[in-house]
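Asks: Letter by letter, the chains look like this.
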Amino acid sequence: MEKEQDKIISEVTGGEYKYGFYTNVETEFIPKGLNEDTIRLISSKKGEPEFMLEFRLKAFEKWKTMKMPEWAQLNIPEIDFQNIIYYAAPKKQKELGSIDEIDPKLKATFDKLGIPLDEQKRLSGVAVDAVIDSVSVKTTFKDSLADKGIIFCSFSEAVHEHPDLIKKYMGSVVPVGDNYFAALNSAVFSDGSFVYIPKGVRCPMELSTYFRINAANTGQFERTLIVADEGAYVSYLEGCTAPQRDENQLHAAIVEIIAEKDADVKYSTVQNWYPGDKDGKGGIYNFVTKRGICRGDNSKISWTQVETGSAITWKYPSCILKGNNSVGEFYSVAVTNNHQQADTGTKMIHLGKNTKSTIVSKGISAGKSQNSYRGLVKVTKKAENSRNFSQCDSLLLGSNCGAHTFPYIQVDNKSSIVEHEATTSKIGEDQIFYCNQRGISTEDAIGLIVNGYAKEVLNQLPMEFAVEAQKLLQISLEGSVG
Amino acid sequence: MENQVLADINTIFIDRFKNEKSVLCEGSSELINSHREKAFEIFQKTGIPTKADERYRYITLDPVFRVDYKSYLRKRDILFNIDDVFHCDVPNLETHTILLVNGWYHDKENQLTSLPGGAVIGSFMAAAQKYPRLFEKYYGKYADPNTDGLTALNTAFAQDGIFLYVPKGVILDKSIQIINILLSDEDVMAQPRNLFILEENSQAQIVVCDHTLSSQRFLTNSVTEIAAGKNSLFDFYKIQNEHNGSVQLSSVFINQKKASNVVSGVITLHGGIIRNNIHVKLEEEYCENSTMGLYLSDKGQHVDNYTFIDHASPNCTSNELFKGVLDDYATGAFTGKILVRKDAQNTRAFQANNNILLTDDAKINTKPQLEIWADDVKCSHGATVGQLDDNALFYLRSRGINEKEARMLLMFGFTYEIMNKIKIEPLKIRISNLIEKRLRGELSRCNSCVMNCREC
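Chains as they are written, first to last, in the working numbering: chain D, 1 to 482; chain A, 1 to 456.
FYI, nobody ran anything at the bench for these hints, they're computed from the structure. C-beta atoms are modelled at their ideal positions from N, C-alpha and C, and glycine is treated no differently. Mixed in with the good hints there might be a few duds.
Stated by the list, open to error - Derived CB-CB ranges, DEER-like:
no. : chain 1 : residue 1 : chain 2 : residue 2 : range
1   : A       : Ile14     : D       : Ile79     : 37 to 45 Å
2   : A       : Gln44     : D       : Asn400    : 37 to 45 Å
3   : D       : Lys381    : A       : Gly400    : 34 to 42 Å
4   : D       : Asn400    : A       : Arg57     : 25 to 33 Å
5   : A       : Asp187    : D       : Glu54     : 50 to 58 Å
With the rest of the complex left out, here is chain A (with noise of 0.2 Å):
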């Protein structure tokens, strides 16, 4: 039954791949367009991803297709401004701030700003047109398409999304902020592309915000390619935070060149359906990666994260956090895997995933797994799954600290490891902001959003 919902879903995808090829292909540089045919070959023989494939086996696919989803192949202009009703604020933080509306580059004057020093941001479908050099070099070489059914669909499909060019020793000052918005009258497929590229000695620091903006259906399926080139510095950071009726695909991959430092973090507030592929590979020497994640989920959502890091070479530090406290009836899944290759001696690699079930109702799968071929190595991994101390809750109630507080400090306390390790202080701010409102249930979409768009 599963396999013909699937196989159904496939062929709408193949068909509308062939049919509508011709605007697909509008706009892009022959570089992406002559990556798509291949993809989506690789596409029509793997598909959309089933329980079948260990990956996946803890999420349910089919349903998140089923729903007639529009595709905008073309840019679409959104009838009111964005501007007026929508600022994701974070205070005294000065950042780049650009928007991305259904996977589509918002600003149609200047589609590439220049930055400080050389640095390029802007759409990914332009930047094509217009650095044809580095796409050569740097597009479709970290996201393999073989690697699922979803990177593959994205590769096929790709319009536009973000490009970020750091050239080399150039640091930039601001944080760049992207504003990854959903909002339509209908419901709504995108599948951005992202391509962000760092050289030599380069630093720099992104903060991307999800959100949906009207009460449709959406599902997003983005594929986020990261080049860290040698002794660069990079941290991502990744705020989830849409409504109940959305599903979010999402797939990083990371390249680290010699002595390369990345941080990156997800932070799911909200969402219906959340699926992060990390995919890291440390390429050359003496990289460091620091991979986090927190995910905040009731009522029937799921979040899903996998993670892979790649030791590929000697001499490289990975550590990888991932904290999940989980309410009403939400399922949460977490797999992450540590592979350090025959000759990457000197290794080290750590890796926890720590959760709390509040409810009977709430399940969580977690599979954390080693997979080791050289023998100079450290490498750990953890899991925990259980219930808030109660310990800890007699010793703040016995200091006169109600119930429901004292929970919650305890909840806060929880997810503040992960809250330390953003780098960027006014963000963390923010963010710890947003965590609590969260775990009190309030509303959690940025403050100032006044599309009350639907019920969280």
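The following block holds chain D by itself, in its conformation from the complex (with noise of 0.2 Å):
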């Protein structure tokens, strides 16, 4: 029995990385390194106007005053910040028209990855804006979109022509100091997505960002802010992947969610970043901020996550509950394999009346890997009568790798009830052998029992990633055995 658990657990670690390609299109870099001249160089490539370079350059005083936030449950080897590339573009040979005139090898790049650019051949309503290295290459039903009022276009574009929300909203949920990495991110960052839904507006299909590192030696920045006035409603998926590769790359996203009064923003990750071979070599460095603040009465912010790849992953997706009756939630499934190292969590900061949130983390550990949940719940004096729910469970699978959950609790009024709960545990033998027992074997009635374990996060995805961060779960897991 011993040998056979091994067995399965090898054959789980040994699962292949199936994005792991590298598509060979014409790509232009700045050179490597990082100061002053870099970020005038990123700006004027990009044709900014001058309250950008004032931002960048801003954030970049900060950062040089910061120091790498040491607290995480993380071992990060140093990342030298001058041996990387700042700034990656396929070289475009002239202005796009339509769908047609997108380098084939890049089209055939998102083909491979399941992703629609070509909308005539649409399967699933999703509009997809498509970030290649630093760039947004391709924005699909942006027409359509539009007629509704919605702008959901690349946040280069969103510069030029809309200045006056970037503007108003850029850097007012994640503030240039925010942290380490969000000011290096607000230094540097060079595309993303800008999505605006007008007041009253049901987005009527899912909008979706897909980025896609390719290039050897650069670090991937970029900056995603959504904007939901009044009454909207929007639903929001991003997914992520990377070729394989044997040096660390560095990815240090930010982004931004604001929830106006009504408001109702969903947003979804499935993050499959390169997560290194089963030797621990290579993959992504995720450090990524992402927060929302529901600023009106009765908004509501979603956090939904699969996080499966990354080397290492530091992320907490936090709600600011601002609004009276707002409500956050935060659903998280993390899974290490590996070598991998997971440090996520999130961030409720209660500051409105009758404010709810929700927390649901499930996170799974198998080989080598580190997995912590990290979490903030605060409830200040004026927000009266909140009621937060957390839930961290964590599952082992296989002896070498940890879990471990850090969660804080700060109440400060007499009205609000916090509840936390958390639990550490194998799959049961019990429950394996029930399975065995009608005949299921022990690698699918693993799957069955991880997925069950997971199901109540993954109910919160919209179908297309539900069935897709199933899939996932069940390429990296099936079959282990703790």
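Need the complex rebuilt from these two chains, each delivered in its own frame; the hints are there to steer you.
Replies: Below is the structure:
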């Protein structure tokens, strides 16, 4: 039995990363290194207005005074920030008019990844903004969305066409000096997506950004800004993959969400950056700052994430519940395998009255990985009648991995109720026995149990993603026996 | 700013150590003196813990140390007979009672008392002289001065305290009651050091009562080392009942050998600022540990509990339960860390922290943590912050119980879970009386305390 378990575990840990290919497109780079000139160069390459350059330089000044955070339960090798290319873009032949004019190689890349860039052949009603390395290559369904007044475009485009909105909202949720990686991103970010849903509009389709790192030695720094005006609704999806390489690559993104009165924003991520090979070589360092603010009353922000990739994940999608009766949600499944490390969780800051938040975090660790949940629930004095429920469960598969929980709970008034629960365990032998008895192989039984364990979170994902996420879980974990 | 103040405070201690080293070493055994130097070096580097230390995030220690406390480096004669003014009696509980005054063992004539079966209780200082071998084996083995600045400071300045030795196979028939009194006509800082040794198959129970008997300001920085030998049974209860101007920083280090069972409970009834550090190491297999705490605070009191349960061996069980009721503008903090080491398979570790906030000005920060490196474990932690259940309140009121009384009943019920775990029956009754009094807002110092030192 013991041997069989080992075999199954090694099969799992030997699982191949199927998005590890590299597309040979002609790419334009700027020289390695980070200084003021790099930032000016990025800004001028993108032809940005003055206020953007100022924003970047301010962030860079801040960044220089900051230190790499060390509090996470992560072992981060030293990162040489001068040895990174901060801007890489697939070379464009000419201005893009229609889908046929996209570099066929690029199109093939996205086809291979299963991302529909072709509006005619749409299978699912999803509008996609595809970002490769630092630049957005194509945004689909832009016109039909524009009919409803919805703005969905790349960040650079928004800077030119909607500077007022950018000026108003950029950096309002994640200030330039928020943390080390946010400051770095604010200084050097290259592109990303911008979404604006006007008053009372319900976005008719899922919006999606697909991030792909392609070029070597580069870092990817994108920025997403979602603004939902009064009574608006949008569901937003994010996916990411990267080629298989021996060196580590840095990904430091920022996502800002603003929900005005009665607005509802749902943000789902399936994160599948290259996690490194089974000896822990290579992989993406994923240091992401995601934060949303429920600015108006009765607004809602919901984060759902399925984290399976990245060598190191450092990510805490958070909600600031400022409006009265606003709601924040965080659903997460984090899977770590081999030598992966993840330190992820959320912050729920209750400022308004009757605010509610729910946290459901499911960690699954296998191989030699480390998986931590770190979260903060803060109820300020004025946030009367607030309610929080948190549940963080960890599942351990194999004896060389670790699972840790670091919740912080701060309550400053008497009318709020905060509950936190956490458990850590392995898959019960009796559960497996039960399945075996009914003719289900040990491998299938594990898949079944893990999926059941993560169901609560997977149920929150939009249909298209739920299927993908379930498959991902299956790939990374089917058959592992604790 | 904060750093400057702390730096000044640290300098005061450093100077004091250098200038008064000869007085400090006087009367202490060579072994204890040999630990001083090393601990002092560590203290020079670490200093008093600051908020930058994650473990001390919710407590500010600099104003605590800013008071110009006297430290008695020599035993001081108390001007009046304590026995006349103070009885912390627990009815129907026969105990060996010993007295510690300002951190010094009180009984001058009998520094060490022999108990049946060869057990010994008495002054830490005297015991260190008399039993160098025991001290060689146990002293400073569990309370590592590297843990934090407070432990280092205590180790550098340790002179007296309580010593208990229970030899192999001995079961103490009576509980030991340690009455820890702070009484002076000036502000005093005390740094008692305790060492409790339980050898194989032995059994003992200790009850510690902390009291302040005069209105001066007091700062206690105590370190207690508990060595629980194979198959030993040890119960350790601490009842903290000091006035609002006192500060108690208590660090307890428990080391458990194979199949030992230790229960430790801290009942905080009253105090200005209280910090309890409880470090438990389950070093060998099949140990059982139960750590619990209850804090009832009001006014501007601050109660801060920190526990660290280290599962270093397989097949151990630990249970942790901390409950608190916070009134007025009191603040509370709980940090509980459970570490399950790599080979500690088959571990069961449970932790819970429940809090009730009675006002909008009361504050609680709770931080339960699990760090798990083994896979065959069952661990859980839970934390809740809330109020009294409205439905329960309604139920009681609809049966003719007035609101105040109904609230009292519910709060009492809330604390009952902890009380129920106290294994010494008379003590349980006594504590539940005290808690009831405390919840009713009546003077909660032991009834028979005739010193009406300060309004609580």
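Asks: If you check the beta carbons of D/Asn400 and A/Arg57, does the distance land in 25 to 33 Å?
Replies: Hint holds: Cβ distance 31 Å, inside 25 to 33 Å.
Asks: Tell me if the beta carbons of A/Gln44 and D/Asn400 are separated by a distance inside 37 to 45 Å.
Replies: holds, 39 Å
Asks: Given a hinted range of 34 to 42 Å, is it respected by the beta-carbon distance of D/Lys381 and A/Gly400?
Replies: holds, 35 Å
Asks: Return holds or violated for the Cβ distance of A/Ile14 and D/Ile79 against the range 37 to 45 Å.
Replies: holds, 39 Å
Asks: Looking only at beta-carbon atoms, does the pair A/Asp187, D/Glu54 fall within the given range of 50 to 58 Å?
Replies: Distance hint for A/Asp187, D/Glu54 holds at roughly 56 Å.
Violation of the numbered hints given earlier is absent; every hint is satisfied by the structure.
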